Amino acid sequence: MKVSIKVNGAERTGDVEPRVLLVDFLRSNLRQTGTHIGCDTTSCGACTVLLDGEPVKSCTLLTVQVDGRSITTVEGLASGATLSAVQAGFHEEHGLQCGFCTPGMMLVGTALLERNPDPTEDEIRWAISGNICRCTGYMNIVKAIQHAAKAKAATPVGAAAGGE
Amino acid sequence: MFPAAFDYRAPASLDEALSVLAQQGDDAKVMAGGQSLIPLLKLRFAQPGLIVDIGRLRGMSGFARSDGWLTIGALTRHVDIERSHDLPRQLSLLPEAAHWIADPLVRNQGTIGGSICHADPQGDWGSVMLALDADFVARSSRGERVIHAAEFFQGPFTTSLGADEILTEIRVAATTKPSAGAYNKLERKVGDFATVAVAVQVELDGGKISKAGIGLTSVGPTNLKARQAEKALIGKEPTDANIAEAAKLAAQAAEPKDDVRGSADFKKDVVRVFVQRGLKTAVARAKEAKA
Chain A
1 MKVSIKVNGA
11 ERTGDVEPRV
21 LLVDFLRSNL
31 RQTGTHIGCD
41 TTSCGACTVL
51 LDGEPVKSCT
61 LLTVQVDGRS
71 ITTVEGLASG
81 ATLSAVQAGF
91 HEEHGLQCGF
101 CTPGMMLVGT
111 ALLERNPDPT
121 EDEIRWAISG
131 NICRCTGYMN
141 IVKAIQHAAK
151 AKAATPVGAA
161 AGGE
Chain B
1 MFPAAFDYRA
11 PASLDEALSV
21 LAQQGDDAKV
31 MAGGQSLIPL
41 LKLRFAQPGL
51 IVDIGRLRGM
61 SGFARSDGWL
71 TIGALTRHVD
81 IERSHDLPRQ
91 LSLLPEAAHW
101 IADPLVRNQG
111 TIGGSICHAD
121 PQGDWGSVML
131 ALDADFVARS
141 SRGERVIHAA
151 EFFQGPFTTS
161 LGADEILTEI
171 RVAATTKPSA
181 GAYNKLERKV
191 GDFATVAVAV
201 QVELDGGKIS
211 KAGIGLTSVG
221 PTNLKARQAE
231 KALIGKEPTD
241 ANIAEAAKLA
251 AQAAEPKDDV
261 RGSADFKKDV
271 VRVFVQRGLK
281 TAVARAKEAK
291 A
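Heads up: the protein sequence lines correspond to chains A and B, in order. Note that this note's numbering numbers the first sequence so that position 132 is 132, with each residue one more than the last. Note that this note's numbering numbers the second sequence so that position 221 is 221, with each residue one more than the last.
I should point out that these hints are in silico values taken from the structure, not numbers from a laboratory. These figures come from a predicted structure and were not determined experimentally. All residues carry an ideal CB built from backbone N, CA and C; glycine is no exception.
Output of the computed footprint for chain A on chain B, the stretches with three or more beta carbons under 8 Å from beta carbons of chain A:
1. 5 to 13
2. 38 to 44
3. 95 to 108
Just chain B, same shape as in the assembly (with noise of 0.2 Å):
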């Protein structure tokens, strides 16, 4: 298989991508690493004119900390948030989320910008977005701009992302307080797409919950926030009880269809097992972080 014919830049900035995607953004589209975008491209499911490679752009990956946040650069590729021992304890949510994408090869090539912007209802990174209620750095020719993580995903590959513009970077709140998440994924075999999964994140504050997240994968026409069982959780203790009424909100919140990994009734179950058993999780390791 190959692609159909394309027109192909490779810009030497950010400027200079952002000036062709003014010009030419409706028939163009950004790749990164490609892990997601070649696949379509073969499959001619995508018949885009031109192809701006963005890839090799310099200064666009990497963490960087400033004033209580972690700003993570869009080209940083999944192997190195899998591999980064440098990030904050509270949120190991996004290492052990890595761990869970696609294969080792396809985590060296592939980065968390353009996976998050194929906007993929299967991909990990959505839903840990939307648990860690993500900030997305966009931008233009026109300027600059923040797209909160809940208003990123309008549906099955669709973002709120303009056709000129570029995710350069994302942020996420670094916070001080006890704080913890984790990642549950069911998949059949390494590289295939999420059966389910559950990204939940947890701040503690004097023994209540004080914030909660929770994205969930593969269960909806995009990631979806649970965000019922998110309100139900604050201000409440991290009891068993609790976190089994947050494990019910979210499952009735799922929205999967049968399909060859599972039906809808099984996929439901396990999202609200998942709930249940990150949550529980999370809350441990906010309280180790804490002491």
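So here's chain A without its partners, still in its complex pose (with noise of 0.2 Å):
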């Protein structure tokens, strides 16, 4: 079946069959390999892409299903050289430790503080409680959140947000 997926900005074509799911449209197909495959479960998070905003799991997704709609992955996150707001918190706050559940956790950090700029420490942990970090690096993840939010309220609309 041929679907056009917007993915990052980009208009994106492919002829798939029905039963691809979308992380491996996006990994085999567009070659875009910041979404990750972990569980293949629905239960890790670590394919976890931004559906029209808000974030939802890959491999439980069809890549017809989304036929139309728009995508962000993690490589969507910097404007070329600069990083996101949520992506320099990572850096800032030692967010990661292998790596692996990292695009996922940005994506859904960035999608809360979209909706919620200013979240409490709860609201952070119950927005990432369908990620797993197999590191257990919670606590700077949570830390790289806020950091992120509080550069966001500092900068203003429009700026670029991130760097030293």
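Hints in hand, dock the two standalone chains.
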């Protein structure tokens, strides 16, 4: 089946079997390998992408289901060489160890701050509760998202966030 | 993992979907958000010849109120119920239960109708629907019919829905009397199925319980309606003793099995505690709603 999906702002087309999962389309067809395959059973969140701005698990979506819709992957967070506020937060607060869960965590954090620019620690922990960090580095992941919230609050809308 | 091959249709309208099902319903599976079906397809527990994707149909999500009913579109996502602020206070059981479903990412994609039709005895919505005595509206090319929640769940993953029917909306009585509910769930971690969960809803009339609904999750071949416990509460004052008696009856109605989440005896006792706790919370909320 022919599909046309906006991925990180660019219109991408493909011809896929209906059974092809979105995560496989992104990784194999589009060669966007920032979206990871972890548990493959809707548990871990390594495959998180934003579907029309909201985090979902791309191992549990058919590519044909998102035809005509908009996907953001971790590759879509930075603007050129400038990290997004959340990416900069993970850099500053050492929000990753092995890095496997990081794309998912950063996308969930990004979507949370869009909806709720000043989340409590509890709200951050709830937001990332569908994403597992096998290094158990949750403390710094929470701090990274808090760092990003502060940075965004201090930056006028439209100005580039992040960096030093 | 990936599913076995299937044909795929994404009809542009409900009528088109119903006509596809009228012709090919026996070999077809309806998909809404896909959060229960896709895992089954990947594990190849389900291998339908055709997937009919209704997930992007318009006009089948959101809430409407009329004639004492709250209507919930079958394609309303869990997250939309969890974050809804315009539901009547008497029905706070809905957002409370939604918050416990799966994890935030699944709630962004999964729908209430899909979850109900999946009919997993470990699912949360089934118990909520039984506690609220909800009605389900099923459409087919033959017409429309209403199925009571208590007659809907036939067995594990089995409903009274015909192969050519689609659940289009859920109707819940929206009373103006002092009424409230509560959902209590024990899970090992976020995203795990319930070890045990209990939905309750009570209505008060002159200091006595005039209606009671109790639904049990993960303790039987379907979500269970604890009828004896419900009956025992009608016309009674919500005293500790009366609530304790109902909780005991509900625990007797549970049919849990020993598994990794706990022994059958343990789960029965959790049912007792959750019915007791839920009823006390619901009664307090109902009184508050009146005040």
